[in-house]
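Engineer: The listed protein sequences correspond, in order, to chains A and B.
Remember, this note's numbering sits 126 above the position in the first sequence when you count from 1.
Remember, this note's numbering sits 324 above the position in the second sequence when you count from 1.
Treat the hints with care, since some could be wrong.
[To be verified] Result set (EDC-like, lysine to aspartate or glutamate): computed pairs, CA atoms no more than 20 Å apart in a straight line: (1) LYS129(A) - GLU383(B); (2) LYS129(A) - GLU428(B); (3) LYS164(A) - ASP386(B); (4) LYS129(A) - ASP350(B); (5) LYS164(A) - GLU376(B); (6) LYS196(A) - GLU141(A).
[To be verified] Part of the chain A face toward chain B, derived, beta carbon under 7 Å: (7) PRO166; (8) PRO167; (9) GLU170; (10) LEU171; (11) LEU174; (12) PHE194; (13) THR206; (14) ALA207; (15) PHE217; (16) GLY226; (17) ALA227; (18) LYS229.
FYI, nobody ran anything at the bench for these hints, they're computed from the structure.
All C-beta atoms, glycine included, are put in the ideal place defined by N, C-alpha and C.
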Amino acid sequence: AQKVTQAQTEISVVEKEDVTLDCVYETRDTTYYLFWYKQPPSGELVFLIRRNSFDEQNEISGRYSWNFQKSTSSFNFTITASQVVDSAVYFCALSEPLGGAQKLVFGQGTRLTINP
Amino acid sequence: NAGVTQTPKFRVLKTGQSMTLLCAQDMNHEYMYWYRQDPGMGLRLIHYSVGEGTTAKGEVPDGYNVSRLKKQNFLLGLESAAPSQTSVYFCASTKPLGQVGSNEQFFGPGTRLTVL
């Protein structure tokens, strides 16, 4: 079965530091999707990125960047010059076929605290 | 478009009481899902539906029932609430597999349920 591991339970850094959140996944599927979601203190899930298994290009969006490495089954997320507003729980997720649908398998989440 | 909405946002129940959580989406999505999120864990799939009138069990279905009488609505029922069902419940919807964007799940804002 699919599995997602986020080994870092909590990370605390000072504002403006760079921080990387690790995500390692397990799957037997050849086609799959990886996701990152942000859950701020307000509780909603905010979609950050989707990456399919055939696209190993790294992606950058402002201060956010993602490093997908199929060889190590990792999909790490880096925040550059972190800000207090980045404080949240971040989830990595992997798609899993489910009959005619797809479910998301989530990691345990990493609680990121950015201190001023 | 409102996207995915959930009713209610908060609820407190006593053990043994019943209740229904409502999920509604206005994106004409075929697939809908119910997840639960417990402290320190990612989301886990309770039940899902691939279309009106169809439902199926997910990873943690015990103690819940669901119904999909209308395409836009997906109801989650607790017949006899237990303290172990204290959680945050998220609904999600997606397009069918094969359609552009079918791998992205749109999440509702969540319902925080406490069972005393």
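Engineer: Are the hints correct? Go through all of them and say.
Structural biologist: Hints and how they fare:
| no. | hint | in the structure |
| --- | --- | --- |
| 1 | LYS129(A) - GLU383(B) | holds (13 Å) |
| 2 | LYS129(A) - GLU428(B) | holds (18 Å) |
| 3 | LYS164(A) - ASP386(B) | violated (28 Å) |
| 4 | LYS129(A) - ASP350(B) | violated (31 Å) |
| 5 | LYS164(A) - GLU376(B) | violated (30 Å) |
| 6 | LYS196(A) - GLU141(A) | violated (31 Å) |
| 7 | PRO166 | violated (12 Å) |
| 8 | PRO167 | violated (13 Å) |
| 9 | GLU170 | holds (5 Å) |
| 10 | LEU171 | holds (4 Å) |
| 11 | LEU174 | violated (12 Å) |
| 12 | PHE194 | violated (15 Å) |
| 13 | THR206 | violated (25 Å) |
| 14 | ALA207 | violated (27 Å) |
| 15 | PHE217 | holds (5 Å) |
| 16 | GLY226 | holds (5 Å) |
| 17 | ALA227 | holds (5 Å) |
| 18 | LYS229 | holds (5 Å) |
Consistency note: the structure conflicts with the earlier hints numbered 3, 4, 5, 6, 7, 8, 11, 12, 13 and 14.
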